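J.: Go by the hints and put chain B onto chain A.
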Amino acid sequence: MMLGKHTDLIARPRPRSHKWFRGEGWTALFFLLPGLIGIVLFLVLPILASIVLSFTNWQLLGSPRFVGISNYVRLFTTDPQFWTVLRNTLFFTVEYLVLNIIISLGLATWISSLKFGQRWFRVIFFLPTFTPLIAVAMVWMLIFTSGGLFDSLMASLSVPLAGVLNDRTLAMQAVVLTSIWAGVGYNTVLFNAALDMVPSTYLEAARIDGATAWDRFWKIRLPLISPTLFFGTVMTAITSLQVFDQIYVMTKGGPGSSTATLGYAIYQRGFQNFQMGYASAIAWVMFALIMALTALQFWFQRKWVHYDA
Amino acid sequence: MLDIINHAALGLVAIAFLFPFFWMVSNAVRSNAEVTAIPARILPNVFEWGNLAAAWTQLPFGRFFLNSAIIAVCVTVITVVVSCLSGYAFARLKFRGRETLLLGYIGTLMVPPLMLIIPLFLIVNKLNLVNTFPGVILPISFGTFGAFLMRQFFLSIPIELEEAARIDGASRLRILVSIIVPLSMPAIGLLSLFTFIGQWNNFLWPLIVMTGADNATLPVGLTLFQTQQGTQWNYLMAGATLSMLPGIFLAIILQKLIYNSIALNAGMGGR
Numbered sequence: 001m002m003l004g005k006h007t008d009l010i011a012r013p014r015p016r017s018h019k020w021f022r023g024e025g026w027t028a029l030f031f032l033l034p035g036l037i038g039i040v041l042f043l044v045l046p047i048l049a050s051i052v053l054s055f056t057n058w059q060l061l062g063s064p065r066f067v068g069i070s071n072y073v074r075l076f077t078t079d080p081q082f083w084t085v086l087r088n089t090l091f092f093t094v095e096y097l098v099l100n101i102i103i104s105l106g107l108a109t110w111i112s113s114l115k116f117g118q119r120w121f122r123v124i125f126f127l128p129t130f131t132p133l134i135a136v137a138m139v140w141m142l143i144f145t146s147g148g149l150f151d152s153l154m155a156s157l158s159v160p161l162a163g164v165l166n167d168r169t170l171a172m173q174a175v176v177l178t179s180i181w182a183g184v185g186y187n188t189v190l191f192n193a194a195l196d197m198v199p200s201t202y203l204e205a206a207r208i209d210g211a212t213a214w215d216r217f218w219k220i221r222l223p224l225i226s227p228t229l230f231f232g233t234v235m236t237a238i239t240s241l242q243v244f245d246q247i248y249v250m251t252k253g254g255p256g257s258s259t260a261t262l263g264y265a266i267y268q269r270g271f272q273n274f275q276m277g278y279a280s281a282i283a284w285v286m287f288a289l290i291m292a293l294t295a296l297q298f299w300f301q302r303k304w305v306h307y308d309a
Numbered sequence: 310m311l312d313i314i315n316h317a318a319l320g321l322v323a324i325a326f327l328f329p330f331f332w333m334v335s336n337a338v339r340s341n342a343e344v345t346a347i348p349a350r351i352l353p354n355v356f357e358w359g360n361l362a363a364a365w366t367q368l369p370f371g372r373f374f375l376n377s378a379i380i381a382v383c384v385t386v387i388t389v390v391v392s393c394l395s396g397y398a399f400a401r402l403k404f405r406g407r408e409t410l411l412l413g414y415i416g417t418l419m420v421p422p423l424m425l426i427i428p429l430f431l432i433v434n435k436l437n438l439v440n441t442f443p444g445v446i447l448p449i450s451f452g453t454f455g456a457f458l459m460r461q462f463f464l465s466i467p468i469e470l471e472e473a474a475r476i477d478g479a480s481r482l483r484i485l486v487s488i489i490v491p492l493s494m495p496a497i498g499l500l501s502l503f504t505f506i507g508q509w510n511n512f513l514w515p516l517i518v519m520t521g522a523d524n525a526t527l528p529v530g531l532t533l534f535q536t537q538q539g540t541q542w543n544y545l546m547a548g549a550t551l552s553m554l555p556g557i558f559l560a561i562i563l564q565k566l567i568y569n570s571i572a573l574n575a576g577m578g579g580r
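Those protein sequences? They're chains A and B, same order as listed.
Residue numbering for the first sequence follows my numbering, starting at 1 and increasing by one per position.
Residue numbering for the second sequence follows my numbering, starting at 310 and increasing by one per position.
Chain A with its partners taken away, still in its complex shape (with noise of 0.2 Å):
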C-alpha cells in the first residue's frame, strides 16, 4: 500500500521541522490538504474573484476593464429594474418567512399535541422537503396555469379569473404559496423536536398549579424553545433571500417585473446576458442584504429569545 506508507512516513516527527509544522503539523496538513486546496480553489478564488469581478465590466467575452464603482452606481440610480428586484426580494422573503415560521410552529405544536402517530404526520409535511423544488414549483404551476384548477375553482366560486401567474399582484402570492409548501417541512420537524425536549415535568407542574392550555404554550413552551425559533427563522430568512427555482420554473419573473428577485437577476444578468461584473455586484448586494437582516435578527434576539433554560 503506497498510500499507507506515505503516511508512515510523514506521521514520525521530522527533526528539523518549520516552527508551524510542529508536533503533529506534518499530518494535520496530509489530512487537510484535500478539503483546502478544494476550499481555496472553489471557495475563496470565487469569494475574491467576486469582488474583484463587481468592479469591472467583464461581458465574458472580450478582456475585463476596470470601472470601479460605476456598477453600483448604476444598480442604485439608473437601473430602472433594481429597485423592483429588491422591493420583491425583501415583500417575498418577509411574507414567506412570516407565514412559514407561523405554519410550522402551529403544525409542531399540533402534531405533538397527538397521542399516537406523530412521526407519519412529520413524515407527511416533510416530504416536499426531500423533492426537487423545481418539479415542486411544475405541478403548482399546473395548478394555477390559465384555466387550470385554481381558475376552475374560484369559477365555482363566481371569482373569475384568467391564471393567476399573469396578474401582477397574484403571481407573488402564489410562488410564495408554493414556496410555503415546499419548505415549511423542515421547520415543522425543526419546532416539533424542541417541542419534544421540553421537560415534561415542567408542564406537569404548571399544570397542576392551574395554568391552561394557552398559558402553557405562551409561558413555558415558547420561551423554551424561542433559540430554536431563532435559528430556524435566522436560516429560513437567508434560504428565502436567494429564491430562484421557483421563479425561474413559475414566472420567469414577470409578468413585467412582477416576481423578478435578486436571485433570478443575478441568473439573467450574469447567464442570459452575460454581463458578469454587473451581475456580480447585484450578488454582492445580496449579501450585505443577507447580512444585515442576520445581524438585525441577532440584535432583536435579546428581546424575545431566553437561553437560561
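If you're looking for bench data, these hints aren't it; they were derived computationally from the structure.
Check each hint, because a few of them may be wrong.
What the hints assert, rightly or not - Not everything, but these chain A residues come out facing chain B in the computed CB check (under 8 Å):
no.	residue
1	THR27
2	PRO34
3	LEU43
4	PRO46
5	LEU53
6	SER113
7	ILE134
8	VAL139
9	ILE143
10	GLY147
11	LEU149
12	VAL189
13	PHE287
Predicted model, so just to flag it, every value in this text is computed and none were measured.
Every residue gets a Cβ at the ideal spot worked out from N, C-alpha and C, and that includes glycine.
T.: Chain B in isolation, oriented as in the chain A frame:
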C-alpha cells in the same frame, strides 16, 4: 373523544397537504387535452398509464436519471471523505492555528451559494470543464459544513479508544479508517443523506454547467418539456413524479435518521 377529533382534524389537514402529489400523478396519466380541459376533473376520464413509459421515450429520461445519480453520488462520496479527513485533523491533531482555521471554516458557511455561481462558472470555464462531469461535481464537493459536523462528532468519541492503537504503532490514517469511521456511521449517514438529496434536487448549478441536452440532470431535463409550442403537461407530470420518487422513498424509510439529525439542530440552536 377529543383526542379522536384532534387526530381526525390534523388528518384532514394532512390529506389536503398531500393533494398536490395526487394532482401530479393524476395528471401524469391523462391525455394532454384532458389536462387543460375546463372544468378540471379530479380523476382522468381515460387512464393513460402508457404516459409514464412514453415520457421516457419523449426525452432521454434514463440518461437524465443516470446523470443526476452520478453527480449526487460523486459529490456525496467526495464530501464525506474530505469531511472525515478535515474533521479528524480539527478534532484530534494538534497544530498551529487550528482554532483560527476552524473559525475560518465556520465563517465560510455564511457565504450564500448563489453568490459564488458566477465566479465558479468562470473558473470551470477557464479549466475547460464546462459540460463535463468533473466540472459540475468538483466545485460543489468542498463545503466546510461537513468538516465541522464530523469534528463535532469525533470529539464525542472517547480518546482512550485511539490511544491503545497509537501505542500499538498504528498511523493516524489507519486509526481514522478502522476505528473512528466505523463508530461515526450516524454522522456519516446524515451527512451523506443531506448531501445526496441536496444535489439530487440541485437545479441552478447543473443548469449552468451542463450545457449539452444529453448531460442534463433530472430537474434540468424537466424544464425541456416547456417548449415554445407549449407545455406537454402529462409528460412533465410523469417526469416530475419520477424525479420525486427517490426523495420520497428516502424520507419515509430514513425518517428516524432525519428526525434525529434535525433534533440535533434543535438542541444546538439552544446553545
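J.: Each of the hints needs a verdict: does it hold here or not?
T.: Each hint, compared with the structure:
no.: 1; hint: THR27; in the structure: holds, 5 Å
no.: 2; hint: PRO34; in the structure: holds, 5 Å
no.: 3; hint: LEU43; in the structure: holds, 6 Å
no.: 4; hint: PRO46; in the structure: holds, 4 Å
no.: 5; hint: LEU53; in the structure: holds, 7 Å
no.: 6; hint: SER113; in the structure: holds, 6 Å
no.: 7; hint: ILE134; in the structure: holds, 4 Å
no.: 8; hint: VAL139; in the structure: holds, 5 Å
no.: 9; hint: ILE143; in the structure: holds, 7 Å
no.: 10; hint: GLY147; in the structure: holds, 5 Å
no.: 11; hint: LEU149; in the structure: holds, 5 Å
no.: 12; hint: VAL189; in the structure: holds, 5 Å
no.: 13; hint: PHE287; in the structure: holds, 5 Å
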